[in-house]
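Residue numbers (our numbering), protein chains in the order written: chain E, 1 to 389; chain S, 1 to 191; chain A, 1 to 382; chain F, 1 to 254.
Don't take every hint at face value.
Partner residues aside, some chain E positions facing chain F, computed with beta carbon under 10 angstroms [unchecked claim]:
1. Gln39
2. Pro228
3. Trp306
By construction, these hints were calculated from the structure, which means they are not laboratory data. Each residue gets a CB set at the ideal place from its N, CA and C atoms; glycine is no exception.
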Amino acid sequence: MNWELIGDILLATVPLLVIFPSMFALTTWVERKALARIQNRIGPNKVGVPLTPYGGRLSLFGLGQPAADGIKMLFKENIVPTGADRLFHLLAPILSLIPAMLVLCFLPLEFPWLNGEQNSVKAFMLDGAVIFFFAITGLNTLAVFMAGWASRNKYSLLGGMRAIAQMVSYEIPLVLSAVVVVMIVGSLNAAEIAEAQAGWNWYVFQPWGLAAFVIFFIAALAETNRSPFDLPEAESEIIAGYFTEYSGFKFALFFLGEYIAMFAISGLAVTLFLGAGGGPGVEALPWLKVIWFLAKVCILIGVMIWLRGTLPRLRVDQLMGFAWKFLLPLSILNIFIAGFAWHAKNANEGTAVSVIVWVSALITLYAAAKGLDRVNRAKVKPRAYQYGE
Amino acid sequence: MSEAIPHDPVLQQFPEVEWEEEFGTLIVPTTKATEVAIWLRDDHAFRLDYCSNVTGIDYLNREFKEKVKNEEGKTETIIHKDPARMEVVYHLYSMEKRTGPLVMKQRTTREKPEAQSLTPVWRSCELQEREIYDLFGINFTGHPDQRRILMWDEFEGHPMRKDYVEPFDYEWEPTPHDEILEKHQKGKVIF
Amino acid sequence: MTAAAPNYELIQQDDLETSLLEVSMGPHHPSTHGVFRMDVKLDGETVVDLKPVFGYLHRNHEKLAESMSYLASMPFTDRLDYFNSMTNNWAYALAAEQLIEIEIPERAEYLRVIMSELTRLVNHVSLVGFFVNDLGALGTPLLYAFREREKILDLFEQASGARMMCNYFRFGGLRCDVPEGWLDRTREVVDRFPKFLDEYEKLLCENEIILSRTQDVGNLSKELAISAGITGPMLRASGVNYDIRKVDNYGIYDRFKFRVPYSKGEVGDCYDRFMVRMLEMRESIEILKQALDGIESGPIMGNAGKVFKPAKAEAYGRVEAPKGELGFYLVADGTTQPYRYRVRPPSFINLTVLQDMCIGQQVADAVIILGSIDIVLGEVDR
Amino acid sequence: MSLLGGGIFKGMAVTLRNFVGSYFDKERLTTKEYAWRNDDKLPERAGDYPKEEAEQLSDTTTVTHYSRNFPMLLHDEGEPMDTVRCVACQICERECPPQCIYIEKSKDKKERGGNKAQFYPATFDIDVSVCMSCQICVEVCPFDAIVMNSQFELSTPDRFGGLLLRRDDLLKSNDYYHKIHPEEAAARDKRIADEKAAKEAKKKAAEEAKKKAAEAKAKAEAKAKAKEEMGGIEKPTETPDTPPADTKKEGNAE
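Okay, chain E solo, but in the shape it has when bound (with noise of 0.2 angstroms):
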């Protein structure tokens, strides 16, 4: 037994199982506050620490609320409905949360005190880290049908057939969003990936690139059932769909889970597109790498918390059709242009022609979601009213 390699991998997961539980946390407060302000409220502000045992306390902005709301949980009766598969049941949420802290490890968490010779972080990262990450995340359907085929009651089976089409449909956009940059750095590794655009070469800021990391942020909000897509949860229509059966401890590990693949595919997204660790300063500090990338993760959750606050959600077809006559085109189309595109800029580099092709690239992408759009569009549009007497 290496106990070297022991304590390098208790170096490199105590942080990930530290940072990210903390991070929801936190997550949930600013959601919160962030919705709250949104919606113009107040939100949270009165839970705060008690300083004696006898009154006193600071409230800081309510940032009491998680570690209320999880003794809550944590207290809450565990409800499980007669009939239900008291087995599936369980697991359910069990197996909601594992993948997801699983996926954490892949991403290109620099550490600063994982920077030596031996890297131990290099035991996650796996030449095939991307692929890796697609392949465990889908579990996660899994567990979300588990649950709503387990809790014996039609609104969870609702939610867990539709979890299903929706998590399997939007897959296919994401992972060909993601062959994109593969296919550029021409490796699976996450590590080779965030070195490839070390500097300023973050890979958003081509045209395909864009293209890729817009549709795949789009199916990264279906895939974790955030608003717009959160047709699985769907309170008005499903009452909670897969989780309407869970309560209490139960119902936290799935809200964990959901976070936690929240900040795992935002990872991947930072990682795959926005540069990873890179940011201004990072050659000087390395250790600024880490505050990069988990301030860009963040960046990503504020989006994901400011559309919620937003939008209405879909219809199951309307989210259906997006995926299958929208996102898949244009991500398929996504790969043929980045080819192009990169092969004739590399071949042209520094030269007007590369800016041509930059440009048409742009042109043609933004022309095919257009067209794209107009195909699927049914006549929806403003209609004017008229006026009686």
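Following the hints, position chains S, A and F against chain E.
Same frame as chain E, but now just chains S, A and F:
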């Protein structure tokens, strides 16, 4: 107010229809109701395409005393008799001509209340006639889906009838000053 | 595969036939707007059959009103459509005033118009919020709507003492005059409202998701709408120009210049119903501005006697409530209690066509169709 | 079906503006922080604030001096039961739509505030779990004895007994009324004073008239009686002292 509708053409077309002067309503015999309704809806002079309000009234046998001053200046008491009956009242408007209302009544007996359903003529009667069936117990022949609507299916009786007696109070809650409390004290309420 | 063919056929005969999924949506469902139930049969996500089930909030309001004096059921009318207590009051007062000749003072008439148009703003703005909430928008538009509603409810509280159960109208006028400065505060709220509406429209009216979710969903033809007695914004969304404020000119509505928005009558879908309400709010603001300019001081109560005891008569009073035609049918028999008291609830009758509109749509559409009808269960079940 | 277009971005701009605006623009905030007192305790009774404090809090609490909640019985200055205005005429009990008032008339008569001796409520209970704050009792009361309170912190662990307000809980002084509803109370006091003055003037005139012709007076009385009968069943027959007709009319218009 929108224009009032002349009722004379109806009386000419259908001699069976009566005009009740007191309330200003058409009294339509239950056998003729659908025919009259379709005519009212489709006739170009009326075009009563919108049936706003449908409701029932339950009249018990009643007497009214009215004090009238006769020519000599003395007060006399006249007794009006109001026979027991049930009525279904329809308030008809025309959206096309913006006129209305014309009030139409189907009159039926209390013992065996039956009326013709006008749901085939105006869809708006569907739920309202169900409600009348539920609360008054008037049977509508030709109604597509005559079930109880506001009360539950197992409910007995028709609560809007004037002689309806509340059953045993199953939703009893102790209020401090109430007849229910008295009942409770007498031991009539069991929980 | 050829080897498996016999098995495949065997399965297909009986066992793979799928049955319809029967779901009881409600009475405890987040978006049935109260305790309303829809027994839905689903084929996958498509609604095959839908039966509305009523009566969970039934309290036999009509029977109660027949056992008390005319005035005493005024506070109970507040509880019918608890969003619009002012228009409920007005409809009842209108019916009762037909039973007895009462001159209503000028100022009371103006205040009635102001109150009822404010109510219309409250109802439409929050209905749009609820509707978008049913679409899944996490309450953001709803809370913007409630912010504005709050300002108007403050006005109601100042005038009548209560925010929702106002109980403000009386036969022959109003219960009390508005406090000093109330009209100025109202003017301030009314003047600011269009700015809010601009923002609201910007947030909602062009949103592609809302457009694609609501257009061509829950279509209601003009003919069916008229036949089924649909009233209010829902009727006008189906392309019928019928507004009782214009048709009956009750109160002093003939003094105000306003227009009635209605659709071209091609589809009559959820989007039309949503937009007609948005446009109606602008017209209500116009009425409010004119009414606030026109109001003068004076008495607010006509010379109604202490005891309301009409002679034997029948009356049907109807107003254009925000949800449609709200009518009160009173049969007086010469005593102090009505012999027959009937409410014609707009949202109950508008539900007649729920089934027709929902069949063939998705389950998510059934929810927004219900939302676009605009029901309040206090009124549906009475 | 489309996600491309300006609509979504316009909407997002609106929400962003609201997000930022909510930090700077007080107008935008729907909710206000709950009115905590400095000592971190809830206000015991909303009406119990000293006047300055109530004015300060009027921005933060929803209880304004316009709001009505549950009825209370008014008494003038002095011992509550010696100056209570209620004469147990039971009009409010009869008119109350949800039937939440329960009154028992006293056996004896009692003189209060210089008026002639009258009955007083031996029991006056209001079941606030039933009361719906409709203010009909206030309108019908001919003696200005019952008005609306604005207390709203009435929660109690005892569902039935705790929500039954007894006579002594209901008795509140006119000063208290002035504190919670200053405008309304001033108007009401003014009206009562006017009526009293009018009544006295009338009384004087009546006395003079009495001296003039006793017969004419008898005739007038008979007329008044006939009028009362025309009034119908609403007329409080149990009322020991029928209030003058003009009082009733005023009460209605108020």
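Hint check results:
1. Gln39: Status holds, d = 8 angstroms.
2. Pro228: holds, 8 angstroms
3. Trp306: The hint holds - Trp306 of chain E has a Cβ within 10 angstroms of chain F, the shortest such distance being about 7 angstroms.
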